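Protein chains in written order, with this note's numbering: chain A, 1 to 338; chain B, 339 to 628.
Treat the hints with care, since some could be wrong.
What the hints assert, rightly or not - Below, a list of computed lysine to any residue pairs in the SDA-like style, where the Cα atoms sit at most 20 Å apart:
| # | chain 1 | residue 1 | chain 2 | residue 2 |
| --- | --- | --- | --- | --- |
| 1 | B | Lys425 | A | Leu294 |
| 2 | B | Lys425 | B | Arg516 |
| 3 | B | Lys422 | A | Pro300 |
Said to hold, decoys possible - Per the computed footprint, the stretches of chain A lying under chain B, defined by three or more beta-carbons under 8 Å from a beta-carbon of chain B, are:
| # | region |
| --- | --- |
| 4 | 230 to 238 |
| 5 | 286 to 294 |
FYI, nobody ran anything at the bench for these hints, they're computed from the structure.
Predicted, not measured: the structure shown is a model, and the values here were computed from it.
In this text, a Cβ means the ideal position worked out from N, Cα and C, and glycines have one as well.
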Amino acid sequence: MDYYLLTVCIYVVVGIIACWGLNLQFGETGVLNFAAVLFVAVGAYTASLFSLGHPTPASYQQYFWGTSLPWPLPWLAAGVAGGALGLLVGLLVLRRLRGDYQAMVLLVVSTMGTYLVSADPGLLNGSIGLASIPAPFKSELHTGQVGYELFYLGLSVVTALIIFEVLRRINASPLGRVLRAVRENEQAAEAVGHNVAATKLMVMVVGGAVAALAGAIEVQFIGAWAPAGWTYPETFGLFAAVIVGGRGNLGGVAVGAFLVQGLFLEGTVLLPNFGNPDVIGAVQWMSLATLILLFLWFRPQGVIPERQRRFREGQPGPLRGLLPAQAFARVGRGQQNA
Amino acid sequence: MLVLQAIIDGILVGGFYALMAGGLTLVFGVMEIVNFAQGIMVVLGAYLSYALFSHLSIDPFLSLVITMPGMFLIGVAVYWSMIKPIKQDRVIMSLLVMFAVGTIAEGILDLVFTSNLVQISTPYVNNSFTIGSLIFPDIYVYAFLMSVVLLAGVYYLLYRTRFGRSLRASMQNPTAARLVGINTDWVSAYTLGIGVAMAAAGGMVFGLTNSFDAASSYDLISRLLAIVIFGGFGSLSGALIASVLMLVIQDVVAVVWSPTWGQTTFYVILILILLVRPQGLLGRKAVRAQ
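Please model the entire structure based on the sequences and the hints provided.
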């Protein structure tokens with residue numbers, strides 16, 4: 001039971017990180033990244049390739065390239081790969097398309113990824129997927145299974161906290177205001193001189209890197225990764241978590257990820273068996289869909305809504321207490337990044 | 339010769355894909371919402387025809403007389419109960435709502451029909467005739483003819499009737515359409531109904547030519563979306579061309595190269611098209627005037 005609970009905890013942390021990545025794109029900036037799960041997958045595959053070692057002809061699984069690097073490097077590589085994918089996809093999709101077109105193209109890009117990986121068994125072992133991906137420090141640490149899970153949970157929680165701090169700072173900075181401006185009204189943001197396309201591209205890169213990191217954490221824990229695990233409905237699971245929790249609020253999104261990823265998608269496994277395993281799968285997704293509908297109807301702002309930000313006279317603002325030159329530099333940087 | 343056969347197969351199958359994708363693109367054109375449940379609606383149409391055939395022995399083609407009006411009503415009901423109440427962020431919310439509707443429908447179908455693959459197997463399902471050395475399966479020819487008739491009907495409805503005019507007006511400029519007295523809510527509701535009814539017809543053929551279960555909707559919706567993106571959102575002719583192109587490409591690649599790469603090749607071509615023409619083959623301007 002400890003073992004199972006710890007496993008679910010790690011899944012929840014992974015879900016929270018992935019949802020934070022999506023929240024930066026969808027919650028803060030309004031980019032409908034319907035390829036969210038593709039970024040998780042790319043992170044997972046990258047981390048696998050960077051930890052599996054060179055493929056040998058004798059091996060039972062095929063992949064095009066691989067190396068074996070010590071722990072933080074596979075995760076970092078995954079982050080870089082996620083960012084690169086965000087850049088690539090962003091350049092393809094965000095350029096001249098309207099929001100809803102973007103969403104659809106991203107969704108198709110996501111299924112395309114599934115098809116590509118499944119179609120070519122030499123690339124990433126096709127639809128069977130990669131397996132026996134080594135877990136970091138597992139051979140060095142002489143602990144039992146539960147002890148190791150505890151260690152891995154700690155590792156992922158620390159990573160999550162670092163990501164949280166980075167995202168919190170982005171939100172609180174002038175750049176965060178630009179993101180929200182783009183979300184609320186693209187034309188207005190453009191009119192006051194912000195580069196909307198570049199802003200969206202930036203959140204695709206940063207959010208993509210965060211989601212990829214979630215994939216890396218997940219894959220080194222479960223040790224296997226196959227196309228069936230990242231089909232597009234998973235993306236809706238992530239969106240559901242962001243909406244249920246409260247888009248634009250990091251804490252809220254974490255609660256949403258806990259509710260959706262933990263209680264709905266993992267917790268239903270604990271339900272008494274109805275005799276037919278198909279039934280559980282159907283009930284799982286049906287209840288998730290009902291949850292989405294209920295929230296959209298009755299509480300579209302989510303469990304913990306985004307904090308209303310107000311400007312008040314005399315309140316210590318982000319520029320207060322700085323020398324004028326510093327303040328100008330900060331404002332300038334915010335606009336430059338925009 | 340194999341290639342020619344593949345091209346003919348592609349065109350014949352492309353016909354009924356055009357029906358299913360046409361419903362999707364029409365709904366998008368009028369309401370700017372993506373009917374994400376179109377895939378499961380196709381499967382629902384297939385199951386309805388399957389049930390009518392296996393329990394009441396009604397010929398699948400004849401069953402359309404029942405399933406199409408039925409599914410039309412479902413579409414209208416979904417509009418009033420699910421889409422209309424959305425107040426803000428219609429685009430994203432409708433997408434999620436339609437996904438949720440599709441998922442619930444899928445769960446119900448899964449529970450009712452179980453996840454065993456079924457296929458509508460009429461006596462004539464394996465008949466075919468040959469011209470020269472080319473094989474024409476009866477079922478594909480019937481399906482193609484039916485698709486042509488139904489699509490012609492939709493074109494007639496769009497360009498020759500009063501309803502079609504108000505539909506096209508709502509497509510071009512919803513605000514102006516409301517100003518001249520068009521009830522865009524009813525136009526939207528009927529359009530969703532028509533789109534879903536087209537899915538019913540397409541689903542019947544899908545059920546005749548493929549074995550299916552509720553999970554078939556995943557593959558279907560990604561194909562339909564790819565077709566619609568390729569052809570250009572909101573363009574019926576684009577969907578038609580793209581369907582035929584997709585199936586022809588897929589079949590030809592399967593014959594000359596490998597079946598697993600058929601679908602993937604189409605996606606690669608789709609990416610190339612998007613690089614040159616982000617709005618799709620016959621899509622309107624990417625950014626519409628506000």
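Evaluation of the provided hints:
no.: 1; hint: B:Lys425 to A:Leu294; result: 14 Å, holds
no.: 2; hint: B:Lys425 to B:Arg516; result: 17 Å, holds
no.: 3; hint: B:Lys422 to A:Pro300; result: 15 Å, holds
no.: 4; hint: 230 to 238; result: holds (count 4)
no.: 5; hint: 286 to 294; result: holds (count 6)
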